[in-house]
Amino acid sequence: MIYEHSRKGRRATAQAPREQADLSGIPSALRRETQPRLPEVSEMQAVRHFTRLSQKNFSIDTHFYPLGSCTMKYNPRACNTLASLPGLIGRHPLAPETHSQGFMACLFELQEILKTVTGMHAVSLTPAAGAQGEFAGVAMIRAYHDARGDTERSEILVPDAAHGTNPASAVMCGYKTREIPTGSDGDIDVDALKSALGPQAAGIMLTNPSTVGVFERRIKEIAELVHAAGGLLYYDGANLNAILGKVRPGDMGFDVIHMNLHKTFSTPHGGGGPGAGPVGVSQRLEPYLPVPMVDMDGGDYRWLTEKDRPASIGRLSAFAGNAGVLLRAYVYARLLGREGMHRVAEFSTLNANYLLKRLMEAGFDAAYPERRASHEFILTLKRQAKELGVNTMDFAKRMLDYGVHAPTTYFPLLVPECLLVEPTESEAKEELDNFVEIMASIKQEAETQPELVIQAPHTMPVRRLDDVRAARELDLAWRGDE
Amino acid sequence: MIYEHSRKGRRATAQAPREQADLSGIPSALRRETQPRLPEVSEMQAVRHFTRLSQKNFSIDTHFYPLGSCTMKYNPRACNTLASLPGLIGRHPLAPETHSQGFMACLFELQEILKTVTGMHAVSLTPAAGAQGEFAGVAMIRAYHDARGDTERSEILVPDAAHGTNPASAVMCGYKTREIPTGSDGDIDVDALKSALGPQAAGIMLTNPSTVGVFERRIKEIAELVHAAGGLLYYDGANLNAILGKVRPGDMGFDVIHMNLHKTFSTPHGGGGPGAGPVGVSQRLEPYLPVPMVDMDGGDYRWLTEKDRPASIGRLSAFAGNAGVLLRAYVYARLLGREGMHRVAEFSTLNANYLLKRLMEAGFDAAYPERRASHEFILTLKRQAKELGVNTMDFAKRMLDYGVHAPTTYFPLLVPECLLVEPTESEAKEELDNFVEIMASIKQEAETQPELVIQAPHTMPVRRLDDVRAARELDLAWRGDE
Amino acid sequence: MPFIPHTEEDIQAMLATIGVEHIDALFDEIPKELRCGELNTIPPGMSEMELSRLMQARARADGQPLCFIGAGAYDHHIPAAVWELTTRGEFYTAYTPYQAEASQGTLQLLYEYQSIMTALTGMDVSNASLYDGASALAEAVLMAVRANRKSKSKRILVPRNLHPVYRKVTRTIVHNQQIELVEVAYNSESGEIDKQELQRYSGEDYAALIIPQPNFFGVLEAADELTDWAHANGMLAIAVVNPLAMTVLKPAGEWGEQGADICCGEGQPLGAPLASGGPYFGFLCCTQKLVRQMPGRIIGRTVDMDGKPGYALTLQAREQHIRRSKATSNICTNQGLMVTAATIHMTLMGSEGMQRVAAASHANTGKLTQALTSLHGVESVFDGPVFHERVLRLPIAANKALRALAAHNVLGGFDLSDDYPELGDAILVCATEIISDSDIENYRGKLERVIASQVETPCQLKPDW
Amino acid sequence: MPFIPHTEEDIQAMLATIGVEHIDALFDEIPKELRCGELNTIPPGMSEMELSRLMQARARADGQPLCFIGAGAYDHHIPAAVWELTTRGEFYTAYTPYQAEASQGTLQLLYEYQSIMTALTGMDVSNASLYDGASALAEAVLMAVRANRKSKSKRILVPRNLHPVYRKVTRTIVHNQQIELVEVAYNSESGEIDKQELQRYSGEDYAALIIPQPNFFGVLEAADELTDWAHANGMLAIAVVNPLAMTVLKPAGEWGEQGADICCGEGQPLGAPLASGGPYFGFLCCTQKLVRQMPGRIIGRTVDMDGKPGYALTLQAREQHIRRSKATSNICTNQGLMVTAATIHMTLMGSEGMQRVAAASHANTGKLTQALTSLHGVESVFDGPVFHERVLRLPIAANKALRALAAHNVLGGFDLSDDYPELGDAILVCATEIISDSDIENYRGKLERVIASQVETPCQLKPDW
Ligand SMILES: Cc1ncc(COP(=O)(O)O)c(C=O)c1O
Ligand SMILES: Cc1ncc(COP(=O)(O)O)c(C=O)c1O
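Residue numbers (my numbering), protein chains in the order written: chain A, 357 to 838; chain B, 357 to 838; chain C, 38 to 502; chain D, 38 to 502.
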């Protein structure tokens, strides 16, 4: 804990202005009486503390990290370097267009690239993450219906396998949600969908490939059904990596989509963010896109704002979203180029199918054994849990001891004891083979010495944590010796 | 091993030119027939490999590193950032002076700062490290004598406690060396010195505070003796940290000195280098300084070369030495400013004396218990080695398990079972107290369970290595499956 | 194949294992008619070297003007160590810390962040970040509506001197839930919230009052009085603060008798570079009482099986991945890395350092005001005390003046005429601690010339009778 | 107190433990009369923020000219990952790996470096770096004199087409040991070592022949023939090579019948930025036979007590800290971090990537030569094949031409007239892979104008009779 290094009066002197300026312009009634209790450490103590802390993390740069639905692929270092060039990193968000053409060119071209890969008519880059993209998308759906006077639509349909943000976003837009079950083949239950459609349904939110890792084969039919019922189709782009350059949401019939640039376009996850969740729309939703966007006018770039787009759902952040993340995604997209896009889908899919096949051969159960994996797939450890008393969480924790980050566990909720595994295209075959070996070893351990697995991890900075205590005896901030 | 990740044809594609250009301009007889066997890995594999490798190091940024004679103090991050600004990092060494004024201003000011802190008349920055500075210094001594026709001087005097580079550098300059013993109080044996002086002695190389961590009290007398005998005094600046702003080599009577900017001026050690070993001289040696140097002429900076300094000993590197290291030292010096210089000596000395006192209280033996420590001090574990069979190396290795880098061991050679401890000014009192506790624990372990210490370390990536095998069955490069 | 490690041999072996001939066969569940062709409008891939040259040219194109714009994004010194540490791969390329044992670095750091933020704001608890200041305010509004048990209202009082875009963003985010934002005027002399206007809402049912500190004009509000007024009227008090200002101002948690209930704002001044507006981060703190209404991740300190302290995500039952449609927010990915930077930044600066930065920014804005108002016709619009921004009225058209200054590589401030036409040719200026006296003199000199040239031009066109 | 963590309380407690009143008392063994006062000519300390502004101004002052100078330092693309990884604190702030168990990161990396260098040069072993290319050559000369058992000579044959500064540095370093460098002329047509000249030394006792590849003129030497000649005459063959060129040229270890004995050079093209000339690093490789004569650190792979592979400094008995006055060299601190960068650089580039860089540099220099020699009066001086540099003769004074180009922000090449006056107005030009066609066109266009203006000027002054 950084506060343990803190001593009254200790300072990283080089960092502060050399003198304390006059504050008498601020009435003393408005001033604070005591110094805020920040850590007081030397520069070296800070550097040492945070360097050592960092070493307690797993990360793409240190470990295989096959976290399903998260696309933990290599984040090229150039993206960071180039997005941080002095002229870009120092640009004030309200700098005039005359001093912004370089930056705006990148944004404009990124908009164009995203339009092409998704097959959508127009793109706004401003949402700060996937969930904000979802919010924007659903808000546009609402704006569209409202504009047509179709104000009775009060529901958004959401598959039971959907990511939690889908229903949560719909609710933030004032909708109720209705769940559509997934069939045993992993595709959505179209009959259930049919009976849920109607004048109350504003639209449906789908992920395709879905969160169970398979491609929704009847998507064309679904789109027709929804459209026929007056609803719109929302595409959750979290799994875009699987189909980049292979099939486009626009061509599948989606009206509005979001992308997770921090997944498909390889901007870093940063231990939780920031991301970027641009939205793309078909022509009829274009007027509602969130502002600002970048337009090009005879070679000059200019901002599109509320003035240009009076029907816009509005703004989602104080400036133009996570600009630095957008720049990183732009650099990544240019490094890949058109041919690189296809390859992302191809090799992420190759890796997933290979890994799935090898794991099945090693005695693990696929949730959807008849199906092709997309860029990810689901295993279910139901059998192991029942027979050996070692559950998915135990497998996940034990994996850490083997130096591999665990796949996503217990999501989606409909598959019991599931592991959602997404190797991504940037992992080599050896790494996948190693993963199979680890899984096999853990299975063997589970059979012969289950306690080893149940008590895992053993080699991390801490052992399993007491989550119940964390939630009951809330300790959310350091109070020191108070 | 990186080669273990290597596969024929694997590549970090974004890094190479997109096409293979034509090489037919080079006759095939001069071309190589096979590709050199470099690692073939993906960009992510490289990043992951080297990130993980880095984590196997102790470093200032992660551990207390009280390595005597090495001044492992905090290396401010700003030094790296500012020395790497685009205009500086991209400057070609042969760029004309018109395009070099910013860079040259830094070098010129650094020369001035170093003159002031050392009390020398002129400084050349070009030596690449301490040892090259020593070479330059001794070469100047030789040039001086030669220029006066005093060609019979064939010996350089070196205390027995001197760093190995001192005699090695003298020999590279064509001198023989003669050792002067150290007295039991840590000062040099002046009688022995007297009898070594004479027409054959070109000079003496001294470190002050010496490598045994005490200040040479009779330095004035020594200087007079040497000068009276026609010799010159060389100052090894490795320990300048101890006296910055307190006493200056120029005032002590030294004729020529080198500094280790990678010690006193906090440029990083980089796992072995690069460093910078500027030399300073008194007026009579100025003509011999190595070139290039920077001069200021009516506000413009210009290079001083062989043309300006025909008597110079010449050049020591292809360009101007380790320019980037010099810039880092310059930034450090400006961050400190004049008042910061004094403090370096004060607090490094405070830390050393405090730590020594506490260790003595904890039952350890100082090599020179009557003396003040300078910025470092020597313990001798002779007693422990004899009584407990646990030697200095064992203590050192066990320390690693406690998360502290070992002090310098078995140097200087004249103190048996010695540890040379240099805490530096940037360590906090808590860190020193922790070190005392660790030493006390190890002592206790040595008393109660010596095997634990003798077998240490236990928690490092490897246990003690077989050095004999390393030297006998030389494996100096990966040969793969050959 | 950039970023793909597969050798031809690997590919063949893998296909053989799967039992297909080509990679394309793996896409056979996708209906053929949906498959797309080449993405021809995307240019071919570039090497890192080529792209470096392109990006360098783009970056150069935007110049590095001398900037006196604040308006929600402030240029402060960031210690070199901050981003060197923040971009270490272990922080930069980790995911949200779902596997706590393998994420103690990020988790402990976030706990430290929460600790620092509560110290800064005087609140009980902090979450681990939201997207930015504007959306954090929207979340605070949603939270207040949920949390205010005394009120049945979905109405919120929003002062007009709150950042205009924050008002817009909040509206965008909350209006679909039928929440209404009611605007309260500002006092045209002081620039503060107009107390008389406010009295009109006394006794009415509103869920919360938003209190900016400082407000968009840079002016400081009587936060104690406003907080007490809100509480007296059954409203929650939502503080929207500049976190740097909190180092010298009374913290939100100590406002009035009971303190603000929620404190949110933009974290950018705590170590995020300007970077065209993002990524920054929103912070959100509240009283202990409201913690279960909080949106976003929260980290708790707990112990492991051996009783050793450790850190983990906690109170996850508030979140979308557990509670789905009943979550307190839809937020999932937040701004973790920015908070990492902020934590390192604040640790390096320390309380004393942060206070000095705040004071120097305050003082520099004072100097700037003095320098500019020394010009004929330039005047300060409000007389309330400010933190580090100031509204000035120009004797010429604000947009023209700013354009002329920009042509001389000075960004002179934010043009208020769109958002506050009633203020005339007003601009909002800011000078943080990085602005030197000669920068101020540079601005003053250029503005003087711009004014002179604009004032003279029409004269010369006047008929000479 | 920058970089000093002591609080007032700490200081008092520490002084009390030591038993003195003031810190100054700790300096009481220093004779009073020697103590210095204030260092008044050093300016007071600056904050990091102030210094950042100063350094930014300095960096800007040097511009970022378009550069066609090589002459020993070459501007190549360096992957962004290289220096991000190299400056990780664990590499950047570690000392020489004396405690092997706590330094396996650096040690393994250095072993990997040695492995790569031997692959590149075709030699048996590599050390872990020397200061730079020039001083590496000096060490190679000392090593050759020590190692050549067949020769009693302290004379070395040095071709005049070796980098002039390398010749100077070598002389500076070796001449005090009475080693003599004897210069061998170059062939004025091809630019290679003059074979006839060389024949004059046949049968004489010299310790070694130095063979540059390419030589300073960029021209490639007949390395096989030269190596065999040296060996036939009882000399060692010392190769001085551009390591990037080694990726496409016959490696020194394969030259002639037996290969070169020692291969050294400048490592800068392997991932070190130009950076005003340093830090770079010297590399030194040799045959297995000579390994015990090597200067500098060497890392060996061995095993630990459990038989697990590990890495350690080895053959330390050659070094100054053990052998003192009898060491193979005085070198202690070397250029470890640069070698760290080079290892990462070469790993990222791979063989294929490095070869492409070499080929592109070769091709671009060809294009540049063609573009410039298309100008009237500009001609190529030598007809031998080159790697990526070329000597051109200008129709006007070289120094004036270069100065005029520099005024237009083009650094047109290295002026050879000081070192090789016999070549007339000759310059050495270089275009690496980072130079684009439009850069070349830019240079050509500017040179055309410079020549035109210089050629015309005197005409206009001519009396008009
Ligand atoms: C399927 C799916 N949808 C939506 C999201 C939400 O995206 P974000 O975390 O960027 O808000 C995620 C992210 O985990 C996801 O996996
Ligand atoms: C006392 C002393 N002299 C000289 C040197 C040599 O300096 P360098 O390693 O920079 O060549 C050292 C470095 O370890 C030293 O400690």
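No lab work stands behind these hints, which were simulated from the structure alone. Keep in mind the model is a prediction, meaning the values are calculated, not measured. Hints may be right or wrong, so weigh each one.
To be verified - Straight line, CA to CA, 20 Å or less: simulated EDC-like cross-link-like pairs of lysine to aspartate or glutamate:
1) B/364 x C/45
2) B/364 x C/456
3) A/713 x C/456
4) C/69 x A/580
5) B/602 x D/70
6) A/663 x C/45
Unchecked claim - Short derived list, chain D residues pointing at chain A, Cβ under 7 Å:
7) 44
8) 62
9) 85
10) 344
11) 346
Claimed, not checked - Which residues of chain B face chain D? A few of them, derived with a C-beta cut under 8 Å, are:
12) 363
13) 372
14) 486
15) 503
16) 504
17) 505
18) 507
19) 630
20) 673
21) 705
All residues carry an ideal CB built from backbone N, CA and C; glycine is no exception.
- Query: Looking back at the numbered hints, which does the structure fail to meet, lowest number first?
  - Reply: Going through the list in order, the structure violates hints 2, 3, 6, 8, 10, 11, 12, 15, 16, 17 and 18 and respects the others.
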